[in-house]
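**Student:** Below, each chain spelled out in residue letters.
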Amino acid sequence: MKIEETTSAIVSEFESFDDWMDKYNYLIELGKSLPLIDEKYKVEANLIQGCQSRVWLHAGFDGSLVHFTADSDAVITKGIANLLIRAFSGHTPQEILDSSTEFLKEIGLTEHLSPTRSNGMLSMIKQIKMYALAFKTKAAMGN
Amino acid sequence: MNVKLNNPDKGLDPEIIRADFPILSRKVHNKPLVYFDNAATTQKPQAVIDALVGYYTGINSNVHRGVHYLSQQATIAFEEVRGEIQHFVNAKFSHEIIYTRGCTEAINLVAASWGKVNVGKGDEILISGMEHHSNIVPWQMLCEEKGAVLKVCPLHPDGSLDMEAYSTMLGEKTRLVAITHISNTLGTINPVKEITRLAHEKGIAVLIDGAQALSHMKVDVQDIGCEFYAFSAHKVYGPMGIGALYGKEDVLNAMPPYQGGGEMIKSVTFEKTLYNELPFKFEAGTPNVGDVIGFGAALDYISAIGIERIAAWEQELLRYATEKLSADPTIRIIGTAPEKASLISFLIEGIHPFDAGTIIDHMGVAVRTGTHCTQPLMDGLGISGTIRASFAFYNTKQEIDRLMEAIEKVKEFFL
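Protein sequences appear in the order of chains U and H. Here the first sequence is numbered in this note's numbering, starting from -5 and rising by one per residue. Here the second sequence is numbered in this note's numbering, starting from 33 and rising by one per residue.
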C-alpha cells in the first residue's frame, strides 16, 4: 500500500470519532498495541531529542525498504509512533522523503504538532525523514 | 479595578478578584479555563493591560534624553516604577534596581559582570540541587571560562535544603552562593536569610533567584541581606520581557558594565568612554519602557490587595489541594518541605506525566508537565518529570475540584 493510501485510511478512521475522548482512547489503544522494539535498540543513541517523554526510534534498511520500530515511556506518544510507523515503515527512502505529513493536521492532533518542547511528533517525523535520507545516501554510495 | 470592593480587613474573595483578569473567563477545549500554570507565568489584570495600552496611546517616547514633553512624561513614569520596585522589595535606594529583560538576564548580568572581576581559577560557586536552569547554566558558563568549580548543595528527601551540608560547603574558595528563594518544581521556600547570614560569616556574596517568590510573599532584600536578588515581572502579574536585578549599591558600583551602548555612558570619545552612574551603567540601549510601566501597574495592583492577604489565600489553596491529592493513594506528591509556596508537583502511579497532562488539558485545566527546567533535580529524584499545578490568588477551591475530576478522567483512560 502506498504511503498516501495508508495516511488517508488513518484520516478516515479518525473522522469517525465524535469527540476527543474517542480519539484519545484509540491513540492509547494504538500505543498499547505498538509492536515491541528489540530491547537492544532502546539505547541513548536511538533516543529522540526534543520530547517530553522518552522516545526510542530504530530504523533498519534491507537495501530497498526502511523498517521502523519504536517505543516510548508515554502511551499517547507510543500511539503516535504507531501511526507514523504504520504510514512510513516498509517503504523506500525516496517514498518516505517524498511523502506529506499533512494527514497529521487532518486527524486533528494539532496540539502535538505545535513546535513546543513537549511535542514528540514533529521530532519523530524529522528523525524518520533523516533516516530515509541517510539510507538513500548509503544506497547511492553502495551502487 | 474591583480590588476596592474587597474589605482589606477580611480575607480575599477570589470571585471578585477574577473579574479583574479577562483571560480567566475564556474557555479552552469548550470548557471554562482552569489556569494552574502560574509558576510558568501569571495572568495579567485589566489594570496592567490598560497601563500598556495607555503608555503606547498616550506617552510613548524615548526616555532620559528628550527635552520634549512626552519624553519627560515617559521618563518620569519609567523612573517612578523604579522607585515602586525599590519599595516593593524594600531596597535602600532606587538606583539599586537595574531593569533587565527578566530574571534570567538579571542572573546573567551578575555572572558576566560581577563574575568577571570576582571569580578566578579554582574558585567555587555554590548553588543548590533545586535550581532552575537559569540559575545553573550562567554559573557553569562562568566556571568554564574562569576555571572555577560549580558546587551543588544537596536536598533532603522532602525537598528542603540540607542546611548542614550547606554550612560545610561554604569554604575558603567559595566566592558566591546562588540559590533560589522558592523552588519552581517542589515549592520549597528556602531560608534565604539564614543562607545569607552563614555565607556572610565567611565573606561570601549571595545571589537569590526570586523568580517564584515575589508573587507569593513579602520580599525584603535588606532583611535578607543578600548582595543580589533577581526577578521577573511576568511572574508577578506584569508583562513578559521585563524584570529587575536588585544589587547592593557598593557591590554594583564596583562592578564593570554588562553591555555597552547608549544610556550607560557619561561621555564617549574614540579613545576613552566614561561610564554612567547607577543604575544606568547597567542599562545599555533604549529600555523596555512600556513593559516597565506595565510592571508598575502590576505592583500597584498587588499592593492594593495586599501581599499578606494574597499569601493567606494561596496557602489555603495549597492546603486544600494537598489534602485532596494526599487522599488519593495513587498520587505521589513530589516535594513535601514544611515551608512551601502554592504549587504542587505530583505523579499518578503508573501514568507518564505527559499522558496525564494531555488528558488534563483536554479537561480545560492548564497544568505543566515535564522537568520544569530543573533536569538535574529530576535526575536526582530519579524521575523523568512531574505534573505541576501552581496556584495564584485568583484560583478557587472549585478549580482544584476540577483538577481532581480531571485526574479521575486520566485514570479512566490509562488504568
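Heads up, a few of these hints could be off.
Said to hold, decoys possible - Over the 10 Å line for every Cβ pair with chain H, so calculated as not near, a few chain U residues: (1) -5; (2) 15; (3) 38; (4) 79; (5) 80; (6) 136.
As the list claims (entries may be wrong) - Dumping the calculated DSS-like pairs for lysine-lysine here, alpha-carbon to alpha-carbon at most 27 Å: (7) H/59 with U/17; (8) U/34 with U/130; (9) H/234 with H/124; (10) U/17 with H/443; (11) U/-4 with U/17; (12) H/42 with H/234; (13) H/443 with U/26; (14) U/99 with H/441; (15) H/441 with U/17; (16) U/99 with H/59; (17) U/26 with H/250; (18) U/99 with H/356; (19) U/17 with H/63.
Hints are computed from structural coordinates only; laboratory data are not their basis. Don't be surprised by glycine CBs; every beta carbon is placed ideally from N, CA and C.
**Student:** State for each hint whether it applies.
**Tutor:** How the hints compare with the structure:
No Cβ of chain H approaches the Cβ of residue -5 of chain U within 10 Å, the least distance being about 29 Å, so the stated non-interface status holds. At roughly 8 Å, the least C-beta separation between residue 15 of chain U and chain H is not larger than 10 Å, which violates its mark as non-interface. Once the 10 Å rule is applied to beta carbons, residue 38 of chain U is consistent with being away from chain H; the minimum gap is 14 Å. Every CB of chain H lies more than 10 Å from the CB of residue 79 of chain U, the least distance being 19 Å, so the non-interface label holds.
For residue 80 of chain U, the shortest C-beta to C-beta distance to chain H comes to about 20 Å, beyond the 10 Å cut-off, and the non-interface label holds. No Cβ of chain H comes within 10 Å of the Cβ of residue 136 of chain U; the nearest lies about 39 Å off, and the non-interface call holds. Between the alpha carbons of residue 59 of chain H and residue 17 of chain U the distance comes to roughly 21 Å, so the proposed pair stays at or under 27 Å and holds. For the hint linking residue 34 of chain U to residue 130 of chain U, the alpha-carbon distance of about 24 Å falls within 27 Å, and the restraint holds.
In summary, the hint linking residue 234 of chain H to residue 124 of chain H is supported, as the alpha carbons are separated by about 24 Å, within the 27 Å threshold. A distance of roughly 16 Å separates the Cα atoms of residue 17 of chain U and residue 443 of chain H; the hinted pair therefore holds under the 27 Å criterion. With a C-alpha separation of about 24 Å, the suggested pairing of residue -4 of chain U with residue 17 of chain U holds against the 27 Å cut-off. Restraint check: the Cα-Cα separation between residue 42 of chain H and residue 234 of chain H comes to about 44 Å, which exceeds 27 Å; the hinted pair is violated.
Distance hint between residue 443 of chain H and residue 26 of chain U is fulfilled; the C-alpha atoms sit about 15 Å from each other, no more than 27 Å. As the CA atoms of residue 99 of chain U and residue 441 of chain H are separated by approximately 25 Å, the hinted pair is consistent with the 27 Å bound. Straight-line distance between C-alpha atoms of residue 441 of chain H and residue 17 of chain U comes to about 14 Å, which keeps the hinted pair within the 27 Å bound. Under the criterion of a C-alpha separation no larger than 27 Å, the hint pairing residue 99 of chain U with residue 59 of chain H is consistent with the structure, at around 22 Å.
With a C-alpha separation of about 49 Å, the suggested pair residue 26 of chain U and residue 250 of chain H falls outside the 27 Å cut-off, and the hint is violated. Under the criterion of a C-alpha separation no larger than 27 Å, the hint pairing residue 99 of chain U with residue 356 of chain H is inconsistent with the structure, at around 38 Å. This hinted pair checks out: residue 17 of chain U and residue 63 of chain H have alpha carbons roughly 18 Å apart, not beyond 27 Å.
Violated hints, listed in ascending order, are 2, 12, 17, 18; each of the other numbered hints is respected by the structure.
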